[in-house]
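Same order as they appear, the protein sequences are chains A and B. Here my numbering is used: the first residue of the first sequence is 292, the next is one more, and so on. Here my numbering is used: the first residue of the second sequence is 2, the next is one more, and so on.
Hint data in this document are derived by calculation from the structure and do not stem from the laboratory. Errors might be hidden in some of the hints.
Quick partial rundown of chain B residues pointing at chain A, CB under 8 angstroms, derived from the structure [what the hints assert, rightly or not]:
{"no.": "1", "residue": "34"}
{"no.": "2", "residue": "68"}
{"no.": "3", "residue": "77"}
{"no.": "4", "residue": "81"}
{"no.": "5", "residue": "89"}
Cβ coordinates follow ideal geometry from the N, Cα and C atoms, glycine included.
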Amino acid sequence: MALIDARDAPDGSEIEADIVIIGGGVAGAVLGRELAGSTLRVAILEGGGRTADPASQELYKGAGVLTSPDGSERRIDAFLTDSRARMLGGTGNIWGGRCIPLTPADFRRNPWTPNSGWPLSRRTLDPFYARACDHLSVPRFAAGSAGLPTYEVSSDFWSQPGYWSPCTGNRDRGLFDTFRAGHAEAVNIDIWINANVREIVLDAASDTIDHLEIACLNGRRHTARARAYVLATGGIENARLLLASNRVRSEGLANRQGLVGRYFQGHVAYIARAKADETTSMLMTAGGDLTPYDFPTDRRAHLTLATTEKGRKRLRTGGFDVNIYRRYKIDPTPAASAVTDMARRLDGGAGDPVHHVIGVQAEQPPVPESRVVLGRDADALGMPRVELQWRLPASHWDTLERSVDALGHGLGASGRGRLCWPFERARYSEISVLARHHIGTTRMSRDPEHGVVDADCRAHDVANLYVAGSSVFPTSGIANPTLTLVALAIRLADHLKRDRRVRR
Amino acid sequence: MSVRRRDIMLALAALGLTPTGAVAGDPAGERAIGQAYRAVRPATASADRLAAELLPGGWTPANAARLRARVAADYRAGRTFVFRGWRLSDTEGALFAALG
Numbered sequence: 292m293a294l295i296d297a298r299d300a301p302d303g304s305e306i307e308a309d310i311v312i313i314g315g316g317v318a319g320a321v322l323g324r325e326l327a328g329s330t331l332r333v334a335i336l337e338g339g340g341r342t343a344d345p346a347s348q349e350l351y352k353g354a355g356v357l358t359s360p361d362g363s364e365r366r367i368d369a370f371l372t373d374s375r376a377r378m379l380g381g382t383g384n385i386w387g388g389r390c391i392p393l394t395p396a397d398f399r400r401n402p403w404t405p406n407s408g409w410p411l412s413r414r415t416l417d418p419f420y421a422r423a424c425d426h427l428s429v430p431r432f433a434a435g436s437a438g439l440p441t442y443e444v445s446s447d448f449w450s451q452p453g454y455w456s457p458c459t460g461n462r463d464r465g466l467f468d469t470f471r472a473g474h475a476e477a478v479n480i481d482i483w484i485n486a487n488v489r490e491i492v493l494d495a496a497s498d499t500i501d502h503l504e505i506a507c508l509n510g511r512r513h514t515a516r517a518r519a520y521v522l523a524t525g526g527i528e529n530a531r532l533l534l535a536s537n538r539v540r541s542e543g544l545a546n547r548q549g550l551v552g553r554y555f556q557g558h559v560a561y562i563a564r565a566k567a568d569e570t571t572s573m574l575m576t577a578g579g580d581l582t583p584y585d586f587p588t589d590r591r592a593h594l595t596l597a598t599t600e601k602g603r604k605r606l607r608t609g610g611f612d613v614n615i616y617r618r619y620k621i622d623p624t625p626a627a628s629a630v631t632d633m634a635r636r637l638d639g640g641a642g643d644p645v646h647h648v649i650g651v652q653a654e655q656p657p658v659p660e661s662r663v664v665l666g667r668d669a670d671a672l673g674m675p676r677v678e679l680q681w682r683l684p685a686s687h688w689d690t691l692e693r694s695v696d697a698l699g700h701g702l703g704a705s706g707r708g709r710l711c712w713p714f715e716r717a718r719y720s721e722i723s724v725l726a727r728h729h730i731g732t733t734r735m736s737r738d739p740e741h742g743v744v745d746a747d748c749r750a751h752d753v754a755n756l757y758v759a760g761s762s763v764f765p766t767s768g769i770a771n772p773t774l775t776l777v778a779l780a781i782r783l784a785d786h787l788k789r790d791r792r793v794r795r
Numbered sequence: 002m003s004v005r006r007r008d009i010m011l012a013l014a015a016l017g018l019t020p021t022g023a024v025a026g027d028p029a030g031e032r033a034i035g036q037a038y039r040a041v042r043p044a045t046a047s048a049d050r051l052a053a054e055l056l057p058g059g060w061t062p063a064n065a066a067r068l069r070a071r072v073a074a075d076y077r078a079g080r081t082f083v084f085r086g087w088r089l090s091d092t093e094g095a096l097f098a099a100l101g
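In isolation and in its complexed conformation, chain A is listed as follows (with noise of 0.2 angstroms):
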């Protein structure tokens, strides 16, 4: 219907809707999208304008560690700034674009993983994860590799593909304008832009929400009504929001067993380029050339080998990737010269071999001391800052080591390629690339003792609550959570139409 800016509406303005949408990112806007032309009135509340604002951007500077599992400890406070963009479109602004479901692995639960498991899984979600292909205007997945060419390494590796998204701030501007704002033209449809929830206030005797506090950074307030209400603010975000809601529980919202905010996770990837020394990187002896991995619109090269379900068990890892990039040049030096010419000998592949630069992720099992926290400073706005306490636990070192071994001897077995992984752990954290992904703060589960939401993304503890984003992610896997969280939103949408206390 509109996009309003509140710092232009009458101060006191009061916004009601049967439902509201607390954020105008990625889930903000494919729940807008979804839920346009239906009959229920939606309001989407963005903390950010239509641009980039320091001032706003401003709201979330914060504090940051991140303790590697030898107990090194990083100051990460740009990374709260760095890896977020307060704005309509949220981080879709600076989003790279990469799509990549789950595994069907990635939803059951490992012996070998503490806290694993979803409470749905990967079937269940196949058909939004089609749907979800469609908003990001990628081609859907088919099994498999998706009919792409693969590299055959051994059982414990699979090819997996992988797709760019155009729609995103850095790529199709115009597309990803109608992307985050094109729902407003919709007649059941508001955006609010600088739009600042400030607290969410809750009916104590209810157990539900009784409305949402607005704040501007001109000075105005404002108050929002729904029937039902989803927090969509980002994983760092809907944490700091549910515990800076604690105005009737001390706690704050949805956190009777105290599990907002924890197990956050991450995506960390482990690169090395240098000139004298070796490189993170791979010989491919069948065959090097990735022009045949290219997706079709953009050349980016995007051949991944992750580990298979039956690697990780056979290696009792968590997720693992690599991907072989092609934009990246090496110096060869003599070790690096001789086995390669070793190993062109001995696997008598066609063609000369190829050395590729490579970056590798683990996955980073879920822990509750790596965690989101209030600060003691506030914002301009009074909001307490965020903290983030973030932990890597030994096991993700391990999942980082016991793949790329199984990836090196894989490799030389099947006589397909060689493997350099050139580094020890006391030098992993400066080789260390943070991904910006937010995962885990507000987890699912399907009982309230060890989860924020239910299976349908609906607050445990607060009946008219919802979370969207990939702060539900019980594990975090190691694809990029755009996809997955645009899936959860699609199936969120469906899930309000049909819910009888959000239907008038």
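For this one, chain A is given, so just place chain B on it according to the hints.
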């Protein structure tokens, strides 16, 4: 140079490798890997004895395939060592040691 050592030189030449580093252009890498292999497997025999072990009965056309199979078996069994990050089989290490 014993007969057996000469055999392995011929075999390696047939595989495209020469002890002079003619293929790689720089023998330093081969030598360094060979030395590293000897360091982690101190019981490794002399170059001549390695040659005898790698090519028992002397050079035959089947030896290239046999070496490849042996390398693959090493990787499958985890008989490997690491040189500057490179995951290499013991047989490859022995070949480099024989070259060195």
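Which constraints among the numbered hints does this structure fail? Numbers only, ascending.
Of the numbered hints given earlier, the structure breaks none, since each of them holds.
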